[in-house]
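**Q** Residue numbers (my numbering), protein chains in the order written: chain A, 1 to 90; chain B, 91 to 215.
Treat the hints as calculated values from the structure; they're not laboratory data.
These stretches of chain A come out as covered by chain B in the derived footprint (C-beta under 8 Å, 3 or more residues):
#, region
1, 5-16
2, 27-35
3, 44-54
All residues carry an ideal CB built from backbone N, CA and C; glycine is no exception.
Next come the chains, spelled out residue by residue.
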Amino acid sequence: MNLLDGAVHLASVMLALAVVLAFIRLLRGPSLPDRVVAFDLMTSVAVGIMALYSLATEETVFLDVAIVLALISFLGTVAFARYLEQRGKK
Amino acid sequence: MEVILTEWIPALLVLMGASFMLLAAIGVMRLPDVWMRMHASTKSATFGIGCMALALAASHLHDLGVVMRSIIVIGFVFQTAPVAAHMIGRAAYLMGVTPWRGTMRDELEGRYDPDTHNLASGNEH
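Given the sequences, and given the hints that come with them, work out the whole structure.
**A** Right, here's the structure in full:
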């Protein structure tokens, strides 16, 4: 086992833990913006996991998936923010 | 030299990126109000994605397509994350989410028009 494999294994454990912590905040988060922030963090970590996966398996096509997921995550967050703001207006 | 470039630097960058993302998740878990959580998640997670993409680029230096796509990921995330965070923060403020009780002062208080959501600068006269 070389150095990069060990680093990738350790990093995937850390990213899995990060998803779990963000998910706990998604379940608990007292207000709706808290949940949106936690969801945004989960998609960011998913982009990181895809970069890690394409590093581990040499399947660089997953990098394209990471680009698309980052775009979808941004659009989703902006849509949620617009919705929350419009809902608070009335 | 080759080993340093294709193993040590990517391993270091991967571990750095994963640590920052874990730090972001711990911040989102433990910080007391939505703006603090948002600052933890936005800044650290963006930097973590940057490190991960740089690690991928460093381990595939012979493949220009992978390097360019990594740079695109970095550029895209670094441009969109602050915009998304600003929009959520603004929406949370306008919704009336209560700040942490230790907050010293609220500089936006009374500056937002409750009907139009326009922000006044305070220097209108």
